[in-house]
Amino acid sequence: MSVANAILQGIFLGAFYAVLACGLSLMFGVMRIINLAHGDVAVLGAYLVLVIVQGTGLSPLLAFVIALPAMIALGYVLQLTVLQRALKAGILTPLLATFGLSIVIQNLLLLKFSPDVHSLGASAGALTTESWNLFGSISISALGLVVLAVAAVVFTVLHLFLSRTRPGWRMRATAEDPDAAELIGIDSRHVYARATAIAIRSVFDPVSGPTQLIFAFEAVVIGGMGSLWGTLLGGLALGVAQTLGAQLNPEYAALSGHLLFLAVLILRFGGVRLVRFGARA
Amino acid sequence: MSLLAVEDLDCRYGLLQAVRGVSLQVAEGETVALIGANGAGKTTLMRAIAGAHPPHAGRVKLDGTDITSLPAHTRVRRGIALVPEGRRLFAGLTVEENLRVAAASRTGGRWNVQAVLEVFPFLKPRLHMPAATLSGGEQQAVAIGRGLMTNPRLLLLDEASLGLAPVAVDAVYRSLADVIREGMTVLLVEQDLGRALKVADRVVCMLEGRVVLEGEARSLDRDRIVNAYFGLRRAAAGGTGA
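Protein chains in written order, with our numbering: chain Z, 1 to 281; chain Y, 1 to 242.
Derived from the structure by calculation, the hints contain no laboratory data. Honestly, I wouldn't trust all of these hints.
Example chain Y residues on the side facing chain Z (calculated, C-beta under 10 Å, incomplete) [stated by the list, open to error]: (1) 27; (2) 71; (3) 74; (4) 77; (5) 83; (6) 103; (7) 147; (8) 150.
Beyond 12 Å from chain Z on every Cβ pair, some chain Y residues (computed) [to be verified]: (9) 13; (10) 63; (11) 64; (12) 177; (13) 193; (14) 207.
All values reported here derive from a predicted model rather than from experimental measurement. We put the beta carbon where it would ideally sit given N, CA and C, even for glycine.
Just chain Z, with the same shape it has in the complex (with noise of 0.2 Å):
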């Protein structure tokens, strides 16, 4: 039962990296520009939503909704204004640019709100501390099952954009041949900045941390590298082999989720392909 127990949880971990990863893996899948400052815009958006909240009082939801334009706005401005020339300039400059910016947006926001831990813990209520008991062992949170159902309407929502609006197959064919997208008129300047404004607004979450982007980075490479259902499973399977790590002894949670990461690895270079996804995000 404890085993269930950790698999159920791991998968609720699971859905939180997948949703911190989404964004990194459309970012990839388009432009292929690793986001290095990924968690850092993630962990500034929760700040924007923390300011919101302490100066207005309302609720962290509607905080959210105010914070989420604001944030989509940032991710097309950035693009349009760094990134692009970054990706003029080869493959290391947006590498070396989005790590600026990470450091960037770390120091400002030291400086800004001071090294303590904040949290939005105490004005989302009950939320945060919910959870039920099922078969005296199997304990579900309310807070893991909104990370899930978040990860599942991100996901839904993402996979129907690309897939039946027309900005999501233009997406797609810049992703596949941004020469040929071109030739067809497509810009994809406003395409990139796009995919980028989306990417900021997935990763856009209340727990989220810059130590987190790395397990972020393990769920996209797990699921393969720029595939949008790759990316859900990698985040659940990474998710699981943590909990399920943690249950042989609580230390070994980061090191069984790096050791499937260092299998998957392997095991692409290896020619072995574990994984096919036909929607590339």
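Following the hints, position chain Y against chain Z.
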């Protein structure tokens, strides 16, 4: 006035000069075939007209308006569509998605998915399959259809028969003839001289980046074209044949 006018165009790849002072005109409703050996600069010229290769010098005019500085995606909106060499379909998208992703945002215009299927009826059963699973001829048809979906005034077609079985080439050219008959202005690159002469009103032959021969497809004598194609006359005059 001609629909497309290219004036003294120079294109370079670093130190290599691929197109040297080319001037060219295509009138509305005309079909012009660009011929020449490999490396003559045909593809570079096509890409420069479409805006995919920034020229070193010279001008490209559409309907008298200078469009030299416009990026490719803006030129599509003005009415230039290039069907690139090697087809360049979006492999992960279905045939229908490949077509519809190119549809002009403004409504109206002759071309939509239905119209493309009328010209290429053999695509109908393939509509919901990923483009990568199609045969070469079918892929070429999708590539041309994708170009048509932008409702172009000028269709640029680069090596439509490249790597296709003769049967497939026939099918593609039969459909292309329908498109031309409806009044489409076409500038195409074709390696097969016989086919080029058959489909085009006018032929322009390039050699080493320059236009060496230009004339009505009907009136040009085949030997003269072959000479221009391989640069034989020049070689004979210089006394050192390659």
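Legend entry - Hint numbers contradicted by this structure: 1
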